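A.B. asks: These are the residues of each chain, in order.
Protein chains: 2
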Amino acid sequence: MKPIQVGLLGIGTVGSGTFKVLQRNQQEIRRRAGRGIEIAMVADLDVERAKGIVGEGVQVVNDGRQVIANPAIDIVVELIGGYGIAKTLVLEAIAAGKHVVTANKALLAVHGTEIFAAARAKGVVVAFEAAVAGGIPIIKALREGLTANRIEWIAGIINGTTNFILSEMRDKGLDFGTVLKEAQRLGYAEADPTFDIEGVDAAHKATIMSAIAFGTPVRFDKAHVEGITKLAAADIRYAEQLGYRIKLLGITKRRDDVAGGGIELRVHPTLVPAKRLIANVEGAMNAVVVQGDAVGTTLYYGKGAGSEPTASAVVADLVDITRLATADPDHRVPHLAFQHDALADTPILPIEQVVTSFYLRLQVADQTGVLSKITTILAEHDISIDAVLQRESAEGETKTDLIILTHDTVEGRMREALARMQALPTVLQPIVALRKEELS
Amino acid sequence: MKPIQVGLLGIGTVGSGTFKVLQRNQQEIRRRAGRGIEIAMVADLDVERAKGIVGEGVQVVNDGRQVIANPAIDIVVELIGGYGIAKTLVLEAIAAGKHVVTANKALLAVHGTEIFAAARAKGVVVAFEAAVAGGIPIIKALREGLTANRIEWIAGIINGTTNFILSEMRDKGLDFGTVLKEAQRLGYAEADPTFDIEGVDAAHKATIMSAIAFGTPVRFDKAHVEGITKLAAADIRYAEQLGYRIKLLGITKRRDDVAGGGIELRVHPTLVPAKRLIANVEGAMNAVVVQGDAVGTTLYYGKGAGSEPTASAVVADLVDITRLATADPDHRVPHLAFQHDALADTPILPIEQVVTSFYLRLQVADQTGVLSKITTILAEHDISIDAVLQRESAEGETKTDLIILTHDTVEGRMREALARMQALPTVLQPIVALRKEELS
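These protein sequence lines are chains A and B, in that order. Those letters in the first sequence? Residues 1 to 440, per full-length UniProt numbering, in order. Those letters in the second sequence? Residues 1 to 440, per full-length UniProt numbering, in order.
Since the hints were derived computationally from the structure, they do not count as laboratory data. Here the structure is a predicted model, which is why all the values come from computation and not from measurement. Check each hint, because a few of them may be wrong.
Computed cross-link-like contacts, DSS-like style, restricted to lysine-lysine with a CA-CA straight-line distance of at most 30 Å [said to hold, decoys possible]:
1) B:172 with A:275
2) B:275 with A:275
3) B:230 with B:181
4) A:2 with A:20
5) B:87 with B:20
6) A:181 with B:275
7) B:181 with A:122
8) B:230 with B:373
9) A:122 with A:222
10) A:172 with B:399
11) B:172 with A:2
12) B:181 with A:275
13) B:172 with B:399
Given these sequences and hints, build the entire structure.
C.D. replies: In C-alpha cells form, the structure reads like this:
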C-alpha cells in the first residue's frame with residue numbers, strides 16, 4: 001500500500017524531531033503500522049532552514065494552506081503552537097477532510113470543544129498524545145488503558161521547566177530567581193518563561209487530562225492556576241524537614257461529596273510525601289499519577305518535552321491514524337475518551353470549595369501565647385492540625401518561624417482562618433500557605 | 001446497539017473482579033465504549049460458588065465448551081490459567097470465531113505463536129493486557145504508545161510476590177525462608193510459590209514483552225531464568241552499602257553489537273542503583289522501564305496482580321475489542337505489535353553472551369596478597385573493577401568478606417574468571433555472583 005502522506009506545519013524542535021524519527025525508524029515503523037509513513041510536504045516561514053532539515057525529496061513551502069490544499073496529503077501535523085494561525089489552520093485542515101495531529105495543548109485546552117466538534121462533523125481524527133507530558137503515552141493510558149475505571153484523581157508533574165527549577169532550588173538551596181537564570185542559560189527555560197513558571201502550561205495539560213478522565217468538555221477558563229515564582233527556599237527546606245518535597249502539580253479530582261458532583265482542576269506548588277515515587281521525579285522529567293477505582297494507583301514517567309521525546313508521541317499518533325485511516329469513524333477512540341453525546345457538564349468547583357491539607361509558615365513574635373492564639377483560630381474554623389514545627393529562635397532574636405501542617409479542610413474555611421491569623425499583631429509577615437496532598 | 005456479550009471461563013479472583021468492575025462501572029464503560037459490555041455466561045467447575053458471585057441474571061455452567069458454543073457470546077475471557085484445558089478452550093473459542101481475552105502469560109509465552117496464528121486465520125483478536133504487570137497498561141504502551149521507537153531494552157519488576165519478599169528482606173534484615181512464610185501467611189505468596197520465587201512467572205511476562213518490543217515470535221524456552229531462593233540477607237546489606245538495591249528483574253535487550261543482531265532475555269536478581277525510581281518500587285507493586293531511541297527512558301508503575309487491578313486490564317481489552325468488533329482485521333493492532341509477516345527471527349543469545357556488570361562476594365582468608373590474586377585473575381580476563389569493599393575482619397577472625405563491583409563484561413568471560421577464583425585456596429566458600437544493571 002502507498003505510504004501515508006504527512007504534511008508538517010512548522011518544523012522547529014518537535015517538527016525536526018518528527019522528521020528524523022520517521023526517517024531513522026522507517027523500517028521499524030512500517031513493520032508495525034503495515035504501511036509506510038512519509039513526510040511529503042513542510043510549511044515553515046523559514047523555508048531555507050526547513051530545506052536544510054528535510055533535504056531535496058520533500059517539498060517546502062512558506063504557507064500552511066498549500067499543505068492543506070494538497071490532495072495527496074492524508075494527515076496534517078500542526079506544530080506551530082498558540083491560538084492564532086494554528087487554530088485557523090487546524091480548522092481549515094479539518095474542513096479539507098484531513099486528519100490532524102497536534103502537540104498544541106494551549107489550543108486544545110481553550111478551543112478543544114470547537115475543534116473536536118468540527119473533526120467529528122467531518123469524520124476525521126484530531127490526535128494529541130504529544131500535547132500532554134511529551135513522550136509519555138498518558139493520553140493513550142487514560143483514553144484506552146484505563147477504560148475499566150472510574151478515575152478518581154490525577155496528579156502530575158507536567159511541566160519540565162518548573163520541575164527542573166524546583167529540583168535545583170532544593171539541591172542547591174538557591175532562590176527562584178537565581179535558578180531561573182541558570183535554567184534559561186541551559187535551555188530548560190525560555191527567554192519569556194511566563195507560561196511555564198506561572199503554571200499556565202501545566203494548567204493547559206491538566207485541563208485536557210481532566211476532560212478525558214471525567215468525560216467533560218475542556219474548560220481551561222475554570223482552572224485555578226498558581227505558579228512557582230513566589231516560592232521561597234525556606235519553604236522547600238522546612239518541607240524537607242517534615243518529610244515532604246514541593247512539586248508543581250497539575251491536579252484534577254472527582255468530588256462525589258458535592259451535591260450533583262463536582263471536579264477540582266488546579267495547578268499550584270504542592271507538598272508531597274518524600275517517599276512517594278512522584279516526589280522523586282527530578283530535573284526536567286515528567287510523571288503523572290492516575291488513581292482509578294479498579295486499578296488503584298498507577299504512575300507514568302518519562303521526558304515531558306524535547307525534540308525526539310515529543311516526536312515519539314507525534315509518530316505514535318500517526319501510526320494510530322494510519323491503522324484506522326480507512327475505518328469507520330465509530331471504530332475510533334472518541335477524542336475525549338467518552339462518546340461525544342455522553343459528555344457530562346459536571347461543574348469545575350471554585351477554589352474555595354477545593355479540599356486539601358495545608359502547610360503554613362508564619363513569622364511570629366517569640367512570646368508566650370502566640371501558638372495558642374493561632375491554634376484556637378484554626379480550631380474555631382474546624383481545621384485540625386497534623387504537625388507543628390517551631391524553630392527555636394536564636395539568642396536575642398524576637399521573632400521565629402512557626403510551621404503548621406493541617407489535615408484536609410475546605411479551602412474557603414482556611415482562607416477565613418488565614419485572614420484572622422494575619423490580623424494578629426504577633427504575626428509579623430504575610431503568612432505563607434501551600435497546599436499539601438498525600439496522594440495515597 | 002445491543003451490549004457486547006461476554007462469556008467467562010473461570011470465575012476466581014480475576015474473574016470475580018472482572019464481573020464486579022463491569023457491573024459497578026457499567027455506565028462509565030458504556031459512555032466510553034459507545035456500547036454496553038455484559039457478562040452473559042460463566043463456566044466454572046464450582047457452579048454454586050459462581051452463582052453466588054454473579055447472581056440470577058447470568059447463566060452458569062460447569063463446561064467451558066457450552067460458553068464457546070453459545071452463538072450469542074461475542075468475546076470469551078479465559079481466566080483458567082496454565083497450559084492444559086486453557087489452551088484447548090482458547091483454541092476452540094478461536095475456531096468458533098470468538099474474540100478472546102486472556103490473562104494467561106504462561107500460555108502465551110509458550111504457545112503464543114500457535115494461538116496468534118490461529119486467531120489471525122479466523123480474523124479474531126486475542127487480547128492479553130492482563131497477562132503482563134496486571135493493571136499497568138504496559139502492553140498498550142509497548143504496542144501502540146511507543147510505535148515511533150526502536151526499543152533498546154526493557155527491565156521490569158513484573159512479579160509482585162518476589163518484590164514483596166525482597167522488600168521485606170531489606171526492610172527487616174530477614175532471610176528468604178522467613179519472609180516467604182510471612183508472604184504465604186499474608187496471601188502474597190501461594191502455597192506452592194515455585195513459579196514466582198524461581199522466576200518462571202516473571203520470565204513468562206518478559207518473554208511476551210520481548211516479542212512485542214523487538215518484533216519476534218515468543219520464545220520462552222530460550223529465556224535464562226533465575227529466582228531469588230538463594231539470595232542471602234548479607235548481599236542485600238552489602239548492596240545497600242554500595243548504593244544499590246536488589247530486585248528480581250525481567251530484562252530484554254537488543255544487542256546490535258552481535259553479528260546479525262541478538263536479543264537478551266533473562267530473569268534474575270539484579271543490583272540496581274538505589275536512586276533509580278524502579279529501585280524504590282516496594283512491596284507487591286510492579287514497574288516496567290522501557291528505553292526507546294526517540295523517547296528515552298519511560299517507566300510504568302502500578303499493581304501487578306490482584307482481583308480488580310487485573311480486571312482493569314481485562315476490561316480495557318474488552319472495550320478495545322468492542323470498539324473494533326465490526327472493523328476490518330487490518331484496522332487492528334497486530335498481536336505482537338509488528339505485522340505477522342514482518343516478524344524477525346533475531347536469536348535470543350545464550351547467557352554466556354549476555355553483557356552486564358557484576359557484584360561478587362568472596363569469603364576469603366584474611367591474609368596478605370589475596371586481593372592481588374583476585375584482581376589479577378579479573379584483569380587477565382579483561383574484567384575491570386568499579387569498586388571494592390573489604391570488610392574489616394574482627395579481632396581474631398581469619399576470614400573476611402570481599403565485595404567487588406565490576407564494569408560491564410561478557411558473562412562467559414566472568415564465568416571463566418569465577419572458576420579460577422573459586423579454585424584459589426584462599427577463597428573459602430562458593431563465590432556469590434549477582435548481575436548489576438545501571439539502567440541509564
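A.B. asks: Hint by hint, which ones does this structure get wrong, listed from lowest number up?
C.D. replies: The structure conflicts with hints 7, 10, 11, although it agrees with all the remaining ones.
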